[in-house]
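**Q** Chain by chain, the residues run as shown.
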Amino acid sequence: MNPTPLLQVTDLQVAFSQEKIEVQAVRGASLTIYPGQTVAIVGESGSGKSTTAHAIIGLLPGTGRVTGGSILFDGQEIANADKKKILAVRGSEIGLVPQDPMSNLNPLIRVGKQIAEALEVNGVATGKEADRRVVELLEEAGLPDAARRAQQYPHEFSGGMRQRALIAMGLAARPKLLIADEPTSALDVTVQKQILDHLDRLTDELGVAVLLITHDLGLAAERADHLVVMYKGQVVESGPALEILQDPQHPYSKRLIASAPSLASQRLLAQNRTHIREAAQEVAEETADEVAAAGSEFGRGKETIIEVKNLTKVFTIPGGAPWDKNEFTAVDDISFKLRRGTTMAIVGESGSGKSTVANMVLDLLKPTSGVVEFDGVDVSTLKGKHQQLAFRRQMQPVFQNPYASLDPQYSIFRSVEEPLRTHAIGSKSEREAKVRELLDKVSLPWSVARRYPSELSGGQRQRVAVARALALEPEAVILDEAVSALDVLVQAQILKLLADLQAELGLSYLFITHDLAVVRQIADEVLVMEKGKMVERGSVDSVFVNPEQEYTRRLLDAIPGGTIELSS
Amino acid sequence: MPESPIALPGQERFVAAVEETPLADTGSFDDTGSPENQWQEAWKQLRSNWLFWVSAAILSVVTIVVCFPQLFTDIDPTYADLSRSLDGPSKGHIAGFDKQGYDVFARTIYGARASVLVGLFATLVVTLPGVLLGAFAGFYGGITDTLVSRIADIFFAIPLLLGALVGISVINNLWPNRGYWASIFTVVFALAAFGWPQVVRIARGSVLEVKNLEFVNAARAIGKTRRANLWGHVVPNSMSAVIVLATVSLGVYIVAEATLSFLGLGLPPGVVSWGNDLAAAQVQVRSGIRLGVMFWPATALAITSLGFILLGDAISDALDSKSRNRE
Amino acid sequence: MWWYLGRRVLQAIPVLLGSTLLIYAMVFAIPGDPIAALFGDKPVSATVKAQLESQYNLDKPFIVQWLLFLGNALHGDFGMTYSGRPVSEVLAEVIPVTFKLAVMALIIEAFFGIIAGFYAGLKRGKLFDSTMLIVSLLVIAVPIFVFGFVMQLIFGVKLGIAPIVVGSDPSIPDLIVPALVLGLVSFAYVLRLTRTSVVDNLTGDHVRTARAKGLSDGQVNRRHVLRNSLIPVVTYLGADLGALMAGAIVTEGIFNINGVGNLAFQAVRKGETATIVSVVTVMVFIYIVMSLLVDLLYAWLDPRIRYA
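Protein chains in written order, with the working numbering: chain P, 31 to 598; chain Y, 2 to 328; chain S, 10 to 317.
It is possible that some hints are incorrect.
Here are the simulated DSBU-like cross-link-like pairs (lysine-lysine), alpha carbons at most 35 Å apart as the crow flies [stated by the list, open to error]:
#1 S/Lys167 - Y/Lys92
#2 P/Lys206 - P/Lys114
#3 S/Lys132 - P/Lys115
#4 S/Lys132 - Y/Lys45
#5 Y/Lys45 - P/Lys262
Ranges between beta-carbon positions, derived for each pair [said to hold, decoys possible]:
#6 P/Asp530 - Y/Leu148: 50 to 58 Å
#7 Y/Gly89 - P/Val53: 54 to 62 Å
#8 P/Glu107 - Y/Ala58: 44 to 52 Å
#9 P/Gly153 - S/Lys132: 24 to 32 Å
#10 P/Trp353 - S/Ile22: 17 to 25 Å
#11 Y/Arg48 - P/Trp353: 52 to 60 Å
What the hints contain is simulated information worked out from the structure, not anything from laboratory work.
The beta carbon of each residue, even a glycine, is placed where N, CA and C say it ideally should be.
Sequences and hints are given; from them, build the entire structure.
**A** Shown next as structure tokens:
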């Protein structure tokens, strides 16, 4: 007996017109969802996964339109259907849980009223009845104190609470299909897990089919029965989730699975790590000897390149009354040592204070108390331009956002050359040769030098940022969420590049991230932070295998797909 | 982990042919065409906007008229023939004569210079110190910011027209009978004195946005001094809004000059300007005779000012679409 | 909340002091001899002159004059005009007229500006939108007095449905045409601001979510686009009331309305220190009060803003 499909997308084509040129965003995508099933579309940015989802409910942005193929929902054609038909389906038959909980609720309307609206327009309930139902829906979505919360405005909710409200909204009219578009990618991992677990349970109970859109292969495999892998607007592979994960056929799926940091297969990389560390430590020692021999003020740190002692940062937030000052401790008594030639990861969720630590180590922010020592010298005691510059040469940052970390008005050449010029290193031709060498180190062709940041992809920009950071031949590099904004494949490439450079140049890394899965690939030691405080510190292996603290354990458990066994 | 059941129709294992779904090299980039920074990209955007070409055409004509008025008429705009007062258009005098017997067309052509110069200089005098003060206030913050912002508030609180009126009447009293350039600069400084706070506010706002971007922090981390950072990174990246404001201001100041002249406190009557001619024409318009006397200078002024405002609008669109593309 | 208000009021004081001082200093620089100007060609005896000078505090250094002016202004005494009437009395006569005019202009510009801007934003890139774009730019590019004369000519002279000039104590219908003229430039700004705001909101995530709930276009526009788009517009309108009152100089001149603008204009021509400074003080005061009100209105419209 074959059940009838709930949604059947066949050979879907979606195009956007840009200045009279048609740009194909989806090229011949097909997928089928049966009642009660969870199907996931997995892909990187630009794969057309969200566009496919939006085409289904007729909410393509801007100039987008369906140019071919069919979308059958419950036997009805809804591709390019007239307004009335699609309005009848939206909300009542197909619900949507959108991506970013911060921007998807109307900031001016009470949360309860926004959910009630979904009930009213779909003819489920009105007035008092709707208000009562809203409270039930919020409770069902796992929001405590729902009656009071319904009366609040979105800005009074945390990100996780807003996402729960959006889930309540998507399920309000009891649709048969729920489209969840990256429902948790803007949330911290622990919250993400709670919400997905809840969503799973709820849709199971209600028998709602789910179309899950995600960039995270591990997450998709964990939650979905059937996977659809998309790449550049096309479906490259689809089939049962586990089958694809364990036996990918298309080269793209293979690459994607190999690069996904969250998947268990990555544990193998840990051995690789030892080789890199050993090579790096060797080179680093030589460099340290050179620095010490050159009579610089640095070079007394011996094994330790950066030492942080009891670092604390308190921000003062002015309150209502002039004497009212709220103190907020962003970083509370953090201490650690970064050994020469190794990588130390600082892991934490948003608001943990990890980036504040990075900025204090970089001497971009003055600590309230505590000491940062670089190679045996207290950074706060550096005096004069000469000593400051000498310090800056030894430690360089790479920041998170590849769109903001390069000056858009500087050519790539000028960006990479800027540190050399600032420190008056070499003649013009020597600097050019150095830039050439640096670009080569990060595997970029020399021809990018004359380009501007807006002409490069995110991954390429991040390579340039790395080249620039290496221009002064620093001993330590602070990587502040340096790979977080990148797609999985590019992220894997940059991580590999960083590891290679570390071995070759003997670099020491301070790696700031929210993503525990990545830590395993790059770090030797890890420090877990929560709300400004240190939770746990230790070698990567010990923390991952035997976490001592409950919080660390929860973080580890929340890594999506971490438990899936892959045959390889 | 859900069990995978026997595949349902439509959910069988599918693998696309590799030839049809080739993998792109993630390291590749489009190396065709010449490199473009954001200004060049904005320029490309601008070129594709028809409003830009309209404004460019207007402003080219205006520039030629301002520089070489004699190309357009042989008639002396300062020669009055009272016997032809308010005569209608005739051969060689397509716009007729005004009350004093001046040729309206000649005056409209020669009047461009004073009006455009006032707009141009007022914009320059407002923008340069405005950007400087706004950048310092936004970048250094603290006491510099408080001081600059409060002083700007004081000037901002006084309405532009009222303040300029008082300023000009003061200068008129102190220094009557000044020459052409002194008269122009009186109006320029009166407008600028109460116009600069707006530039300060815009520049300060943009600088505040830019100064915390990652590339500025990255430049600090390589050891660039604060001053080098301000001029090398922060100010160049804060200029979009100022450029748009300045272009639009040019048009607005031209209108403001005319309004001041209309009130009798703009350029002195001896200066040939659109504002003065419009002020003089009000008597005819009130009585509804010879509307052409006002029509010519009014149209010339409106088109010129529109040229600058359109240009500002087009530039704003071009720069905006840039920032939209960025993310 | 109260602390916020208190701080804002405290911040406003230096602005008020600074701007009056600025104007006072400028006016003080006018040399001339106001007493002689007052009497025209008639000779003035030295004693009368000295008496008048001390009566108007003209014999004191300007900082003292300014402080005296401020002290008196606190009790509602703004000094005397040269014709011997208390400035406060003259102000009390003209302010209501200009206020009425400005409020009417504000209502007109808000009504038409918001409707046209909202519709233009919804129909982005269509004919109506392009037309409105050109109209709004044209309105900004043409001096307001040109519009004034054209409207006066059409409605007053040709059609005869509105008075050509308005006398003292005008009625509301009398002021309709002047208010139209006065509100014209701001109408263009309101239109553009509303349009931009609507366009931004239409592409906003929360609007897409509202559509996904099953709301029709009309419901989405009414409930989710309009109100959200109005916040910046309301801010602009609030600040504009002061600007309209100050900008009334031209309109009042054309229609011969006996308002603040006319008073200021005459005072500037005559160099009447007390009147000029009083008018500026009142204008700055209105500006400060309005920006405070706008802030409070903002907090009321947007629940995200709370002045703790």
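**Q** Go ahead and decide if the range 24 to 32 Å is satisfied by the Cβ distance of glycine 153 of chain P to lysine 132 of chain S.
**A** For glycine 153 of chain P and lysine 132 of chain S the Cβ distance comes to about 30 Å; the hint holds.
**Q** Determine whether the Cβ-Cβ distance between glycine 89 of chain Y and valine 53 of chain P falls within the hinted range of 54 to 62 Å.
**A** holds (59 Å)
**Q** Is the straight-line distance between the alpha-carbon of lysine 132 of chain S and that of lysine 45 of chain Y 35 Å or less?
**A** Within the cut-off at roughly 26 Å; holds.
**Q** Given the hinted pair lysine 167 of chain S and lysine 92 of chain Y, is their alpha-carbon gap at most 35 Å?
**A** holds (30 Å)
**Q** Would the hint linking lysine 45 of chain Y and lysine 262 of chain P be met if the CA-CA limit is 35 Å?
**A** Holds, at roughly 27 Å.
**Q** Does the structure keep lysine 132 of chain S and lysine 115 of chain P at a Cα separation of 35 Å or less?
**A** holds (23 Å)
**Q** If I claimed the Cβ atoms of glutamate 107 of chain P and alanine 58 of chain Y lie 44 to 52 Å apart, would that claim hold in this structure?
**A** holds (50 Å)
**Q** So the hint says 17 to 25 Å: do the beta-carbon atoms of tryptophan 353 of chain P and isoleucine 22 of chain S match that?
**A** Holds - the Cβ-Cβ distance for tryptophan 353 of chain P and isoleucine 22 of chain S, about 20 Å, lies within 17 to 25 Å.
**Q** Are lysine 206 of chain P and lysine 114 of chain P close enough, with their CA atoms no more than 35 Å apart?
**A** holds (19 Å)
**Q** Within 50 to 58 Å or not, the Cβ separation of aspartate 530 of chain P and leucine 148 of chain Y?
**A** Since aspartate 530 of chain P and leucine 148 of chain Y have Cβ atoms about 52 Å apart, the given range 50 to 58 Å holds.
**Q** Is 52 to 60 Å a correct range for the gap between the Cβ atoms of arginine 48 of chain Y and tryptophan 353 of chain P?
**A** holds (58 Å)
Of the numbered hints listed earlier, not one is contradicted by the structure.
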